[in-house]
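Peer 1: Position chain F against the provided structure of chain X, taking the given hints into account.
The listed protein sequences derive, respectively, from chains X and F.
Just so we're aligned, residue 0 is where the first sequence starts under numbering that gives the first Met the number 0, counting upward by one.
Just so we're aligned, residue 0 is where the second sequence starts under numbering that gives the first Met the number 0, counting upward by one.
Treat the hints loosely; a few may be bogus.
The list cannot tell twin chains apart, which means a pair is met if one copy fits it or any two copies do.
[What the hints assert, rightly or not] Straight-line distance between alpha carbons at most 30 Å, and here's what the computed DSS-like set of lysine-lysine pairs gives:
no., residue 1, residue 2
1, K111, K87
2, K23, K139
3, K151, K87
4, K69, K55
5, K12, K145
6, K55, K139
Since the hints were made in silico from the structure, they are not lab data.
Number of protein chains: 2
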Amino acid sequence: MIVAATLDGKIAKNSHHLSSWTCKEDKIFLRNMLNKGDCVVVGNNTYQTSLEFLKKRNCVVFTTSVKTLKAVNGSCLYVNPKNVNIEKLLKDRNCQQINILGGQQVYSWFLKNNLIDEIYLTIEPIVFGFGLSLFKETLKTQKNFKLKSVKKFNSQGSLLLHYTRV
Amino acid sequence: MIVAATLDGKIAKNSHHLSSWTCKEDKIFLRNMLNKGDCVVVGNNTYQTSLEFLKKRNCVVFTTSVKTLKAVNGSCLYVNPKNVNIEKLLKDRNCQQINILGGQQVYSWFLKNNLIDEIYLTIEPIVFGFGLSLFKETLKTQKNFKLKSVKKFNSQGSLLLHYTRV
Numbered sequence: 000m001i002v003a004a005t006l007d008g009k010i011a012k013n014s015h016h017l018s019s020w021t022c023k024e025d026k027i028f029l030r031n032m033l034n035k036g037d038c039v040v041v042g043n044n045t046y047q048t049s050l051e052f053l054k055k056r057n058c059v060v061f062t063t064s065v066k067t068l069k070a071v072n073g074s075c076l077y078v079n080p081k082n083v084n085i086e087k088l089l090k091d092r093n094c095q096q097i098n099i100l101g102g103q104q105v106y107s108w109f110l111k112n113n114l115i116d117e118i119y120l121t122i123e124p125i126v127f128g129f130g131l132s133l134f135k136e137t138l139k140t141q142k143n144f145k146l147k148s149v150k151k152f153n154s155q156g157s158l159l160l161h162y163t164r165v
Numbered sequence: 000m001i002v003a004a005t006l007d008g009k010i011a012k013n014s015h016h017l018s019s020w021t022c023k024e025d026k027i028f029l030r031n032m033l034n035k036g037d038c039v040v041v042g043n044n045t046y047q048t049s050l051e052f053l054k055k056r057n058c059v060v061f062t063t064s065v066k067t068l069k070a071v072n073g074s075c076l077y078v079n080p081k082n083v084n085i086e087k088l089l090k091d092r093n094c095q096q097i098n099i100l101g102g103q104q105v106y107s108w109f110l111k112n113n114l115i116d117e118i119y120l121t122i123e124p125i126v127f128g129f130g131l132s133l134f135k136e137t138l139k140t141q142k143n144f145k146l147k148s149v150k151k152f153n154s155q156g157s158l159l160l161h162y163t164r165v
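In isolation and in its complexed conformation, chain X is listed as follows:
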């Protein structure tokens, strides 16, 4: 799971808000992670708003617009997680490093299904005061993680925290 949040734990002001507020070091980090990874999992909103960035990458896009799955082009697969075994799908496609990029619904799906091994959390030194949290409010779960490393990205104090599951 790769996510950028404000210091008050918001990933966006609303579901159409782009991540233009994150620092350039975070964007470089994200690109490097995607270059190393085998597959990106995103929701369709996130995919559409990041199309230029994602269209050449191996993407699994969560959507309810298909019943099971549909290959859109050579690199993008639309999948309805309600009717497809996602773990098996990703294993069959031989995906080892799977980068979960959001948005909130996709993060929540992976948390609920206990499939988050690592969290890369960038914390930008700003406050929105409102907006979307990392996970959906309806998710009644508690999970423990362990902090592996802290990296300071820049002089303003954007931080990259790396957690692994306990």
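Peer 2: Frame of chain X; chain F shown alone:
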């Protein structure tokens, strides 16, 4: 502002949830801050649930149960922030280091009124997936801060982040 949150930005599961989930190092840090400070500002919920911890300290307690203000005992002052000039009150009482301990409504009041000079944010390495954010969702504001320091409290990776206003 002193606050402890989960890595998904939640300060409590609900308004009656105590901060029993924070690490002992954070509790020691909090006690040291209160010992150094001149005054604590809290909401009445937080005050009542932390009475043992707060009753001997100089407390300003936000509440709508009084019209303006009412001294409850030698150390506690009930104040209705709608009808009292809080900045003047705290200046008149010669408070320099004012520790704002929450809950969410009190944090939001200070953010909205642009009165937060510093944030001490403890991030525990757990996820609630739901609960109360640092600030009320109705608050439409954006503020920039600057990270001054990062301290790792323990081997699990509880972190103390210190921010100042820009």
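Peer 1: Which of the stated hints cannot be reconciled with the structure, identified by number in ascending sequence?
Peer 2: Failing hints, ascending: 3, 6.
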